[in-house]
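Novice: This is what each chain is made of:
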Amino acid sequence: MTPDTAMPEDGPTLVQIRDLHFSRGSKRIFRGLSVDIPRGKVTTILGPSGTGKTTLLKMIGGQLRASKGSIIVDGLEVGKLKRGQLYELRKRMGMLFQSGALLTDLSVFENVAYPLREHTDMPEALISHLVLMRLHAVGLRGARDLSPAELSGGMARRAALARALVFDPMMIMYDEPFTGQDPISMGVLLELISTVNTALGLTSLMVSHDLEEAMSISDYLVIISAGVVVETGSPDELRASTSEWVQQFLQGRPDGPVPFQAAAPNYETELLGESSASR
Amino acid sequence: MNARAIEILVGLFMLLFLAAMFILSMKVSNLTSLTTTAGYTLIAKFENVGGLKERASVAASGVRVGEVINIAYDPETFEASVTLSINSSYDSFPMDTTASIYTAGLLGEQYIGLDPGAEDEVLQDSDEITLTQSAIVLERLIGQVLFSRSGGS
Amino acid sequence: MSDFLQRFGRFWLGTVERLGRATLFLAQLMGGVFSLIKRPSLLWKQLHASGVMTLSIVLVSGLFVGMVLALQAFNTLIDFGQENRVGSLVALTLVRELGPVVTGLLFAGRAGSAMTAEIGLMKATEQLSGLEMMAVDPFKRVFAPRFLAGVIALPMLAAMFSAIGVLGGHLIGVEVLGVDKGAYWSLMQNSVSFTSDVCNGLIKGLVFGFVVSWIAIFEGADCIPTSEGVSSATTRTVVYSSLAILGLDFLLTAVMF
Chain A
1 MTPDTAMPED GPTLVQIRDL HFSRGSKRIF RGLSVDIPRG KVTTILGPSG
51 TGKTTLLKMI GGQLRASKGS IIVDGLEVGK LKRGQLYELR KRMGMLFQSG
101 ALLTDLSVFE NVAYPLREHT DMPEALISHL VLMRLHAVGL RGARDLSPAE
151 LSGGMARRAA LARALVFDPM MIMYDEPFTG QDPISMGVLL ELISTVNTAL
201 GLTSLMVSHD LEEAMSISDY LVIISAGVVV ETGSPDELRA STSEWVQQFL
251 QGRPDGPVPF QAAAPNYETE LLGESSASR
Chain B
280 MNARAIEILV GLFMLLFLAA MFILSMKVSN LTSLTTTAGY TLIAKFENVG
330 GLKERASVAA SGVRVGEVIN IAYDPETFEA SVTLSINSSY DSFPMDTTAS
380 IYTAGLLGEQ YIGLDPGAED EVLQDSDEIT LTQSAIVLER LIGQVLFSRS
430 GGS
Chain C
433 MSDFLQRFGR FWLGTVERLG RATLFLAQLM GGVFSLIKRP SLLWKQLHAS
483 GVMTLSIVLV SGLFVGMVLA LQAFNTLIDF GQENRVGSLV ALTLVRELGP
533 VVTGLLFAGR AGSAMTAEIG LMKATEQLSG LEMMAVDPFK RVFAPRFLAG
583 VIALPMLAAM FSAIGVLGGH LIGVEVLGVD KGAYWSLMQN SVSFTSDVCN
633 GLIKGLVFGF VVSWIAIFEG ADCIPTSEGV SSATTRTVVY SSLAILGLDF
683 LLTAVMF
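Residue numbers (our numbering), protein chains in the order written: chain A, 1 to 279; chain B, 280 to 432; chain C, 433 to 689.
For the record, the hints were derived by calculation from the structure and aren't laboratory data.
Computed from a prediction, not measured in an experiment: that's the story for all the values here.
Keep in mind that a hint or two might mislead.
Claimed, not checked - Label-pair restraints from in silico Cβ distances:
| no. | chain 1 | residue 1 | chain 2 | residue 2 | range |
| --- | --- | --- | --- | --- | --- |
| 1 | A | Gly139 | C | Ile469 | 32 to 42 Å |
| 2 | B | Ser405 | C | Gln460 | 50 to 60 Å |
| 3 | C | Thr447 | A | His119 | 31 to 41 Å |
Cβ atoms here follow ideal geometry from the backbone N, Cα and C, with glycine treated the same way.
So here's chain A without its partners, still in its complex pose (with noise of 0.2 Å):
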């Protein structure tokens, strides 16, 4: 598959990506990106570090506007919503912060309830069973009255994404869920994301460089590098690909198509001075 004209096999899609082109500041960070996410999928986007992939999700979601270039999510383009029709959009889409982002001054509760409460007049009670089932689903029934200041990493995630859940939205998006987390609740998460992702039939994009855990639940990869897509496919696919900059980023190679030693002048020119260059 070619990297720019890359489109998925099954069903329609649910975000297309075209030319997209961003920059901050005088850092060039996407130059003509084009991708399409699958719906119902769980989708990762793969890449080294700073190449922009949370920009990425912020301009999915509305957040930043892009200099040139289309997304377009179920239909309507991002970049030329007002603002009431943005806030709708994003009534449909959850996103999962890498620290949670879960409100500090509410319950873990009152968090969860928070987007019930602020936009429709549900009675009190009918707001009690939404987010106790929300919070079932992700295992924190029993937290609910714990502020987000004392629970671990993991939980707060955790209750992040129930609180995403509420709305039984179109589209998750997931910003790094894996950084940082022990091996259990690596495992939770994983199980949640992939669960949740086909019970409640789901697009679920999610953001990452933690190759093994992306690869073992996602049904479709991108892999952007120096601001463009680089390679699509399935795992499979991706694990046979000839392209060498692929192979060492799956491989975990710490030198080849990108250099271990950063642009710098001689070494030895450097060590030892000029006259060195000319001996």
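Please build the complex by placing chains B and C on the supplied structure of chain A, with the hints as guidance.
Specialist: What follows is chains B and C alone, placed relative to chain A:
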């Protein structure tokens, strides 16, 4: 801290503010006299107003009955024109009332004293007090004393 | 030389850019304030955080400032035989100047810096982003309540500062130094006008509350989301607020008095 405790504390905060405003308006400032500014105005012209300031008291028999609300120079009569606001309940000053500028104490603030005359007609709103006595200017007083001493001997 | 000019120009350009950002931020803030009418509970919480929590430092400071004023006023006025006017001097100084200004400075240091730190931390822990992704406008839920609370609380605190200062002045002047009680209060009443002095003092408080809250919230929302960024934003809030208060005080005094 639950919502109810917060509301109670904020309510107390508001009460404290109202208490402070009460102190400031009633005890500290002249609000009590402001509420009785239902008054009528009189004009008085003086040769010299001395140190009279706006908001200075207007007193009759030593009791405050109003205040000075404006001091201006009249270029046509070359006199100072002082506008007084008198409390409505004191509406029986005769037409020949004298307005004089006195000093409270030896070196205190200056105020206007009203000495009623004997006429039957009463001063109405926007009337002019025709009998006035200007402020005593210290330099002139000293000059007079020196002059009279040297003249008398 | 050209290097200096370049840096100088860049500095000023950066400042102007920042000011522009802050003004746009203010416009969004005002929009958020309107929607507070539907959700007053957010306002009470912030009034508690900014107003009630600053109360103790304001009352204690007010008391001491009033007492010191009475002491100094007495020492100076007694040379002219005018020590009866201590009340006047204390009241006018407090109501016109020290009440709003000192309260403003205390507020900036206590409540303003707390606002900046809290918002900066929310930014650093992605809570603000989280709110946006939940389709909640942080201006309505986080910024506007704090702003309105500051605008309301500061003049109220200033009034309390002045009131307790006058009482403190009474304590020292009348009880300790022997000024006649009747003279203290009656001369004070004669010289302090409700409209031009007390009300103007309240207006000053309102203006200061507006500016301090604006600066505090903007610095928090605009900070670099690291611990260093939050700390320097907090410092900037206190410094800029204090300078703004003193500068505006001069302007307002020139206009009002």
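Novice: Just to be sure I understand the hint, the distance between the Cβ atoms of Ser405(B) and Gln460(C) should be within 50 to 60 Å; is that true here?
Specialist: 54 Å, holds
Novice: Is the gap between the beta carbons of Thr447(C) and His119(A) within 31 to 41 Å?
Specialist: 40 Å, holds
Novice: Assuming the hint says 32 to 42 Å, is it satisfied by the Cβ distance from Gly139(A) to Ile469(C) or not?
Specialist: 40 Å, holds
In terms of the numbered hints stated before, the structure departs from none.
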